[in-house]
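Chains as they are written, first to last, in the numbering used here: chain A, 1 to 475; chain B, 476 to 950.
Because the hints were derived from the structure by calculation, they are not lab data. Source: prediction; values computed, not measured. Please note: incorrect hints may appear among the correct ones.
[Unchecked claim] Here are the computed distance ranges between Cβ atoms for each label pair: (1) B:T509 with A:G174: 53 to 59 Å; (2) B:D491 with A:D72: 22 to 28 Å; (3) B:I519 with A:A423: 38 to 44 Å; (4) B:G540 with A:G174: 24 to 30 Å; (5) A:P39 with B:V930: 48 to 54 Å; (6) B:R734 with A:H283: 41 to 47 Å; (7) B:D501 with A:D30: 15 to 21 Å; (8) B:A855 with A:P39: 19 to 25 Å; (9) B:S894 with A:D26: 48 to 54 Å; (10) B:D501 with A:A48: 35 to 41 Å.
Glycine included, every Cβ here is placed at the ideal spot set by N, Cα and C.
Number of protein chains: 2
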Amino acid sequence: MTDRPSRDSYHMSTDDFRRHGYEVIDWVADYLDTVTDQPIMPSIEPGAIREMIPTTAPEQPEPFGNILGDLDRVVMPGITHWQSPGWFAYFPANTSPPSILGELVAAGLGVQGMLWSTSPAATEVEEAVADWLVDLLGLPPGWKTTGPGGGVIQMSASDSTHTALVVARERARGSADDMVVYASEQAHSSIEKGARVAGYGHVRLIPVDDRYAMRPDAFEEAVEADIAAGLTPVAVVSAIGTTATTAVDPVRTIGEIARFHGLWHHVDAAYAGTAMVCEEFRHFQDGLELVDSYTFNPHKWMFTNFDCSLFYVADRAPLIESLSILPPYLRNEASASGQVIDYRDWHVPLGRRFRALKLWFVLRSYGAEGIRHHVREHVALARSLADRITAHPMLEPVAPVPFGLVSFRHVGGNDPTRSLAGAINASGWAYVTPSTIDDMAFIRVSIGQTNTTAVEVDRLWNLIEEELSEVAGST
Amino acid sequence: MTDRPSRDSYHMSTDDFRRHGYEVIDWVADYLDTVTDQPIMPSIEPGAIREMIPTTAPEQPEPFGNILGDLDRVVMPGITHWQSPGWFAYFPANTSPPSILGELVAAGLGVQGMLWSTSPAATEVEEAVADWLVDLLGLPPGWKTTGPGGGVIQMSASDSTHTALVVARERARGSADDMVVYASEQAHSSIEKGARVAGYGHVRLIPVDDRYAMRPDAFEEAVEADIAAGLTPVAVVSAIGTTATTAVDPVRTIGEIARFHGLWHHVDAAYAGTAMVCEEFRHFQDGLELVDSYTFNPHKWMFTNFDCSLFYVADRAPLIESLSILPPYLRNEASASGQVIDYRDWHVPLGRRFRALKLWFVLRSYGAEGIRHHVREHVALARSLADRITAHPMLEPVAPVPFGLVSFRHVGGNDPTRSLAGAINASGWAYVTPSTIDDMAFIRVSIGQTNTTAVEVDRLWNLIEEELSEVAGST
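The following block holds chain A by itself, in its conformation from the complex (with noise of 0.2 Å):
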């Protein structure tokens, strides 16, 4: 095949990977520096990355100098920025540098979290940090790993959603098949999704009020129908912030009809949760101590990079209870002596990185005050921006503003608030997500990207403004 002799070893070596690291943590430099310069979507047609790409891997090693070329070459022209300021889009999906310096120790590393025995500081770590973020969120203190309870992290609330709906059909006496789960029709996708995917027959979707917040009589009515009808209630899920409009159920009176029919109430917080670092939004959580399980991702909105989602539960036996097998090869004294937690028995998948080094960071490095700072200026951006909209004669808010999302329409109805959309995505520096409910289309606005301050608000604002105007001049 070759003539050339083996090499002895193929790794990079030490002094290399210092050299190259420098390189690299250059460029990501460069990158977060330059960021706002960049069109946020690449204008680039399917395929158009692959076709850069030889269709085998190379026979030999590369250069990592080639690698870090095409990264510029290949790979930037595909790339969406997500961490543009000018990142209106969806909800945010922060890092910042003390995220990305944790992550990259957590590489380093390379240690799984599986058991506690399997590496003691990450299971710590992250019992700490979770433990930390109760009082820092105003949760139930029940909810500490000292407590009865118990925060882990999690890829994405997409899984701690299935995995709390997993736990309560394996509570729940019967067949699967008849069981009920319930959300408002607001609920995020991840919920009907993790409803199917552990097996629920039925996800009823309750309908809101008109400020999108799920109707307590409208959810035990559906309740009362369901037993009437031979079916089993099992779950309910309680959104704070929903992703549409960050509309907020009413947790308490949703946690009171949850217990009188032995219903899990699990609440997804994921964007919002973030909030609640500062006491004026943690009326929006009020009824908590009425919850069974809770998720809140800290990639959204409290600058760590994804994955980070902190999956709490009231009562850590049934979570246990319902995911712990235990093989020989996994068996040791620690986990054996019942002092320790194993982390591998609070979600599906068996081996963990340790995710809890970046949260820690970004914790200690931002200080629980500079976390606040950042969420209420985001906060009062959206207010400033709302109030902006709705003097606004040819605009109106179709949703309160409770958190860091303007949600609103223009007033002459579906055609022109997409081409407003359009539009301000069309600058290029900017990007808004066009969504609908029911056939009201409208626009979303999410601040809270980690850089993004009132230059970017304001700018937007006057792309708002002016493309208003050119349409009105126009017609």
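For chain A, the structure is supplied; the task is to place chain B on it using the hints.
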């Protein structure tokens, strides 16, 4: 509360990121250089790490120097050194310099790859490397994304297997309560866990032969008995390389039985899949054209840090049909055109980070030749150790050595076997997994850590020999 003026921003500046980034690169490089000298297992009591962490998050930002200092002070005393070349426990969970740098870039870019449109390069690089691996491992060509099938990166083999079982369940008729999943008695715990999570009523663990491979006759009998009992056989999981002893199930025969009875056939090659880069191992995967889904983990033996589990399907239609939910905020032109892959429909979570980048970095940095070289070296080391064990009067192998795992015991039975494992692990620099099959204790020596060479294997053998002669001398 405080009379200090609030800061404008609590973000670490890019200049500081650059400076601290170099420090962290140096920290990781120093770690990789010195990990050989660390005792692999930390000697700490449960709770010792937590005691060093304050019970509440800091109110004020902390300087990065404090955080980095606490890595050494707080974290390192609780780290189990999976990256030590003396790591012979479990299976490897390797990292490597190019992988660490790929993870760093992914954290810096911070893109969400849930849809093609949310970062086309994240999807297309993943398609490309998944397709590369089809050729590299000799998998069926139809498993490429350019064919009817396709590959996707999931977090772990547990997730991949769970996904396969969900798709199989959705494809089948009837109630999950009556559905049966089959795997061998030696199958990984993730199969039983995945089946439980997916709501299957029954898991049958099929007896194995004297090489710990599934007995296809026993599998077929079980299927027929279940059908006769009114149950619904739905899925079977074959292992190419079981966890206990890397036994290889007869994939072709199991596949024929599965086809005949209409079962979904999933293959768990989490560890051994990597070996298939070398043609001489591919006879172990004979029959893959009779397989519906397959998983292997580059984060085990392919020098790519966790998480990176490849999941392939022969036909992506039932996968996407089972997992697709399309809310308004996720609709977009590219998805509607059907021209692109939206990977959110290929697994339970919605969000996903750019994990393909590190795998791309690894495959290019090592080249196919480099991966083959190191796999062959590890397997050769395992065989040479197995030969020495076979030749030693006080030791005996308990299973064949098809890959890099050597399973053996002391001829004197369970007590001396456990003592020997304890003595090896007490050395500090080497770590093996004590395990059992039925009631037979044995020692697993997994040779595959990124930097393991003949030096460590010889040192391990000397340690074993010394220990045996000491024990012999003292009795």
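These are the hints, each one checked on the structure:
no.: 1; hint: B:T509 with A:G174: 53 to 59 Å; in the structure: holds, 57 Å
no.: 2; hint: B:D491 with A:D72: 22 to 28 Å; in the structure: holds, 24 Å
no.: 3; hint: B:I519 with A:A423: 38 to 44 Å; in the structure: violated, 59 Å
no.: 4; hint: B:G540 with A:G174: 24 to 30 Å; in the structure: violated, 58 Å
no.: 5; hint: A:P39 with B:V930: 48 to 54 Å; in the structure: holds, 52 Å
no.: 6; hint: B:R734 with A:H283: 41 to 47 Å; in the structure: violated, 59 Å
no.: 7; hint: B:D501 with A:D30: 15 to 21 Å; in the structure: holds, 20 Å
no.: 8; hint: B:A855 with A:P39: 19 to 25 Å; in the structure: violated, 52 Å
no.: 9; hint: B:S894 with A:D26: 48 to 54 Å; in the structure: holds, 53 Å
no.: 10; hint: B:D501 with A:A48: 35 to 41 Å; in the structure: holds, 38 Å
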